[in-house]
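Participant: Sequence:
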Amino acid sequence: MRQSQLFTKTRKEAPADEVSKNAQLLIKAGFIHKEIAGVYSLLPLGLRVVNKIKKIISTEMEALGSVEIIMSTLQNKEIWEITDRWSDEKVDVWFKSALKNGNEVGFGWSHEEPITNMMKFHTGSYNELPRYVHQFQNKLRNEVRAKSGIMRCREFVMKDMYSYSVDEKQHMDFYNKVTESYMKVFNNIGLGGITYITSASGGLFTEKFSHEFQTLCEAGEDNIYVHKDGKLALNEEIWNDETLEKLAVKKEDFEFKKAAEVGNIFTFGTGKSEQLGLFFNDSEGKKRPVFLGSYGIGVTRLMGVIAEVFADEKGLSWPKEVSPFAVHLVRLGVSNETLEFADNMYNDLQKKGVEVLYDDRDLRPGEKFADSDLIGIPVRMVVSDKTLAVNKIEVKFRNKAEAELLDIEEALKIL
RNA sequence: CGGGGUGUAGUGUAACGGCUAACAUUCCUGUUUUGGGAACAGGCGACUCAGGGUUCGAAUCCCUGCACCCCGACCA
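Residue numbers (numbering that gives the first Met the number 0): 0 to 414.
Calculated directly from the structure, the hints in this document are not laboratory data.
Check the hints yourself; a few may be wrong.
Unchecked claim - Listed next, with one range per pair, are the computed distances between beta-carbon atoms:
1. K412 x S334: 58 to 64 Å
2. E409 x H121: 39 to 45 Å
3. N75 x G123: 17 to 23 Å
4. D87 x D16: 27 to 33 Å
5. K119 x K230: 36 to 42 Å
6. Q349 x E235: 47 to 53 Å
7. R10 x E339: 47 to 53 Å
8. N126 x E235: 42 to 48 Å
9. E312 x M171: 44 to 50 Å
10. A15 x E235: 53 to 59 Å
11. N239 x T72: 55 to 61 Å
12. D166 x S86: 21 to 27 Å
Virtual Cβ for every residue (Gly too), placed ideally from N, Cα, C.
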């Protein structure tokens, strides 16, 4: 993409009404636009990051045998009444509205009920199980207080997957596989090493237990205790002697950390199936309830966490896996030769399928460098009268201080 | 939902109850510039969140509402 076509503008100053680092930077760099408190639009750069994250997640979900769908945002009240989760006393994040005829509808804050209800029409036999489905959806939650920029929003993108198994054993096999897949996802997203699988208490309606995936992050809302072996972490909410005893671990081997919950997985059991009537016939023709699991990843929250974790005083710094572009091609100087060279390079890169943001704007170098640092694409390549004179390209990595002059061939090899 | 704070050009800030609401930046014009947010000159852009009140006079004081931020509670 030519930067001259990018309608978003970078700002020198952070908006006064944002305190969180992630929102300040993402707004300054033109990745998101705030609509109302806790509601942000995704601008071209932000959308590209979100799409990168989605792609990485999709790949792993598909490897698990899950298929993608999109459930509706407007939801049927009756389904939620069956499981007693329609009332505002039971679920306090509902956005609700009404049809012209007066019938109430809900805006999806979760899709557990509708998707499980939908599965009734497609599941009848043990031969048809297990089934795994996932979606990327805008979830709407009427949070009493949105906070921390895009970390705690009223509207946000979430990947949610649901598993439908014949029994607990089949479920647990999958649950464990998801755990591995999730770790792979966070590794592939660039958050490996600082993301822990964390034991936490089940939610109000879970029969069994849950695991959270927590990324160390000062802006996070969760407090966790990380074991020194790095493999075990406990959420503060279950941090007590009983838990430690059960796990046979010592208190002093843990370290307290602030973290952001980027994913969670739940074992639901058969309760919801029984309520909603999701049954199957087993090999003996007996009717049995389907065993459920639910698996979420906060997609837009991940963007916020990544922004927070890797940013420096100059701006954002994306891991290459989720960067909006692979390379930022910056043209300096005004000579026709340089212009032609940069244009050609841009076209070549595009032809090769390299995702390139081409700063073809006629601005002074300082401004271009500042923008480049702020946007945070991991590789910057500068083409100027100076580099052209020695037939080289200047390459600078966003997370390194020094730039280097490389032959054109060498530079292209990096990509 | 309890508590606190803030609302002034697109953005960031200023202005004692008193002149045409100022400065910087963005944006537009021109000239000169071109390796770390350039210089000069000129210009556009604000009924000071909304409504009411006090006052000779309100961005400024008071009331109500709304919006936004923060702390707490909540958080599948």
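Participant: Can the suggested window of 17 to 23 Å be confirmed for the beta-carbon pair N75 and G123?
Facilitator: With Cβ atoms ~22 Å apart, the hint holds.
Participant: Honestly, do A15 and E235 meet the 53 to 59 Å range at C-beta?
Facilitator: This hint is violated: roughly 33 Å between Cβ atoms.
Participant: Take a look at whether the Cβ-Cβ distance between D87 and D16 falls inside 27 to 33 Å.
Facilitator: Cβ of D87 to Cβ of D16: about 29 Å, so the range 27 to 33 Å holds.
Participant: Between N239 and T72, is the Cβ distance one that fits in 55 to 61 Å?
Facilitator: violated (39 Å)
Participant: Does the Cβ-Cβ separation between E312 and M171 fall within 44 to 50 Å?
Facilitator: holds (46 Å)
Participant: Starting from the range 36 to 42 Å, see whether the pair K119 and K230 falls in it by beta-carbon distance.
Facilitator: holds (39 Å)
Participant: Falls inside 58 to 64 Å, the C-beta gap from K412 to S334?
Facilitator: violated (26 Å)
Participant: CB of E409 to CB of H121, is that within 39 to 45 Å?
Facilitator: violated (54 Å)
Participant: How does the Cβ-Cβ distance of Q349 and E235 compare with 47 to 53 Å: does it lie in that range?
Facilitator: At 49 Å between Cβs, range holds.
Participant: Just tell me: holds or violated, for the beta carbon distance of D166 and S86 against 21 to 27 Å?
Facilitator: violated (32 Å)
Participant: Honestly, do R10 and E339 meet the 47 to 53 Å range at C-beta?
Facilitator: Between R10 and E339, where Cβ atoms are some 32 Å apart, the hint is violated.
Participant: For the hint 42 to 48 Å, verify it against the beta carbon of N126 and that of E235.
Facilitator: holds (44 Å)
In summary, the numbered hints that this structure violates are 1, 2, 7, 10, 11, 12.
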